[in-house]
Amino acid sequence: MQSQERVNKNVTNGIALAVIWLAAIATVGALGTILVYVFVNGIGQLTPTFIFTNPHGVLMEGGIWPTIQATLYVTALAMLITTPIAVLAAVYLAEYAVQGRLVQTIRFAADSLASVPSIVMGLFGLSLFVEGLGMRLSAIAAALSLAFLLLPIIVRTTEESIRAVPKYIRWGSYGLGASKWQTVSRIVLPSALPRITTGVILAAGRAAGETAVVIYTMGTMINAPVSPMDPGRTMPVDLMLKAQEGINVPSAYGTAMLLVLMVLAFNLVARWIGRRNRRMQG
Amino acid sequence: MANDADLTGHDAAPEMCADPSSAAAAPQPPKHSARRALTKITRGTYLKEAALKNLFLLCAFVAVAGVALIFIFVGIKGWPIFGKVGIFDFLGGATWFPTKGHFGILPLIINSLLAMTGALVLGGPLAVGTAVFLSEVASPRARALVRPAVELLAGIPSVVYGFFGLVLLRPIIADLFGGLGFGLLTVWLILAVMIVPTIATLTEDALNSVPEGIREASYSMGATKWQTIWRVLLPAAKIGIIDAIILGMGRAIGETMAVVMVAGNASVIPADVLKPFLTLTTVIVMDMPYASGDHRTALFGVAIILFVISMIFVAAIRVISRFGKRVG
Amino acid sequence: MSERLASLLQDQASVGSGRDKFEVKKLDFFYDKFNALTDITVGIAEHAVTAFIGPSGCGKSTFLRCLNRMNDLIPGTRVEGQILLDGQEIHGPGVDPVDLRRRVGMIFQQPNPFPMSIYDNVAYGPRLHGMRKKSELDGIVEESLKRANLWKEVKDILGRGGLTLSGGQQQRLCIARVLAVEPDVLLMDEPCSAIDPTSVQKVEDLMAELKDRITIVIVTHNMQQAARVSDFTAFFLQEMAGEPAHLIEFERTAALFTSPKDKRTEDYITGRFG
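Chains as they are written, first to last, in this note's numbering: chain A, 1 to 282; chain B, 1 to 328; chain C, 1 to 274.
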């Protein structure tokens, strides 16, 4: 009897572990399918003409250069606005805040902000920045709206990075007669910098791939922005419109592939920074 | 604000000493090492540290301001629809036909819930399974492959998911089941994959925070790996997993661009999983380009509802976590 | 200062400067409502080594951290009573704890070099306090490393990361780092418990050399170490869990270890509990 039980136990164990393996394989498989499909169909599109020239004609033949410029422009602007605020906010939460109502409110707000659907963030940007503040459809309106989307993400990764700095390293600094700000600025932030950077890069990837926020705040006009007040069409928006309207699908494949490449690049850079940091500290 | 005390680590706000040199004039001892007087905090130091602290607090407060601003600025554009149609008719009305003056979003709510539920049924087990794999089953090498895959899935823009669904998945579904391939089934498959990283990452964190000793205790009593996972680890990580699933639900119900490309967008409750349908998020994308007047107001009204739903999810996580802490 | 202590010091003027650097009077320490230490009255002799001993959890480290107000960094802590440094109340109105910590340096159990070069580690303190000139910094770095007996080992690798050194070297780097800001007092919180035995010897030798110019207070679990390095020893004990810890006995080290006056001290040093 007992051995029968043991056999059953082991059979169940084997089946269950196989199912868990299957889940992991399915997840990797889903990613693999997406990557392979997008690459196979997109790779032929990636010519210098496609990347570096302007589109022309009703079917938007030619390149997508202005959308690449608009994407980079609005991403950079959003990161410039968000990063300092988010990092300092994280410094407050990790180093200065005393548990209490105020901190609870801030955390609840950050969590809420993080879960606001991006379409809502888009309409918010339209209402406040585009129409309310008269910025019209512009890179700055998009960047400001994106800033609210990215803020909680960067705050969270930065706060985690700061908390990961060992306490006794701070004590060393305080023990030498460093003030709080001296300790934070000279010891804590430099020690946390690689991990903070990783978080910021991943957030930049999020900004660059965002569609719903940007479409209502920067519009769909093909334009390479020069001033922050200029409108433009980013790559995700371009991809969405082409796919929706079924025009120039080959070009949509190219854009999709570029977007995926960009995300890959952001991830690899973030990973590389993380690994280099571990090696240096180890 | 808060507690100024920890600026310098002093319990009471220090008395200012405007002139530090007066303190330096303490009598010098006759022999041995010099006895320096203790320095007082100068007004400058104190003000600088206090100013920095308040600057950081201000930055942290941007998050609070953000939530308030969203509420206000989506609210002012959308609120009038509740007055015009009545909030119950807006939420409970069965017909969404804005050009004819029908602003009932009940079908959209139901469709959003249908999309979310199906995605959860498919994606939840996939995500939890992947998390268990990462935390309990995988060899270091397998982990080094699967974890980056999960991170990459999180990074892929939703528009790419939608495009992928449109050009690959939709034709396959159409071939297999007939129809055009637009509908709940396609949406479920796409959303299921999209919520995997959210749920898997947080579930893995929850599993990793279960103390190692608990695993050892279970194995030492002769439990198999699966028994340990099923009877000990998953229950121990229960609260974290529930939180993860709620966040996944939020992600699914708020997802827009991926859904709009494969849902087909018809404003009725679909008769089966292969028929086109419209959700709370996709209606905004579809109608915004041409909507005006009450129609536009109604779309902002939908945004308010979406915002409130996402807040409810966040609040639910708070309540559950607090409850979980109390239970142990 | 207790009379007994005063007479002791008069008898033994050869130890230290014959004067107290710290005078602690009726000190109570609280974590929120929990009274962790009570009624501590003790004098810490200048230019001598004073050791705090006692079983773990007896509050000796907490007391040590009162002396440079490191406990202020933990929210909810509170001090009652007086701590005088050179006759001045360190909790006095407006006293800057940051400057106090510069004068009362601290070495921790875990060597904690900053993740930067050896040179930058030592130069960190002087730079904090406004020194910028390379030549001056070079001088201070060299001098401090020499005083910490580390110069010979690292003079050619000053640019290398402080974390690449061995544990014992790291601890001496931390000592050099403190010496660079020229403190009057060095508080050492079990400085040898996380380093190898050879390094322990070096750190102990260092303490003997440093006490000409600096007052040293060391918390240690190791009674042999207390006996070897200290001139005075204070024995702390928390008799009941949940009760505050007391200072049981404070004596010349030789006297405390050879003829303890208190039964509890005797029990502890003969290994009967703790």
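None of these hints come from the bench; they were simulated from the model. Fair warning: there could be bad hints in the mix.
Unchecked claim - Going by beta-carbon spacing under 8 angstroms, a handful of chain A positions derived as facing chain B:
no. : residue
1   : F148
2   : R186
3   : G209
4   : A256
Note that CB positions come from ideal geometry on N, CA and C, so glycine has one too.
Status of each hint after checking the structure:
1. F148: Where the cut-off is 8 angstroms and the nearest Cβ of chain B is about 5 angstroms from F148 of chain A, the hint holds.
2. R186: violated (14 angstroms)
3. G209: Holds. Min distance 3 angstroms.
4. A256: holds (5 angstroms)
Hint check: a violation occurs at hint 2 only; the rest are consistent with the structure.
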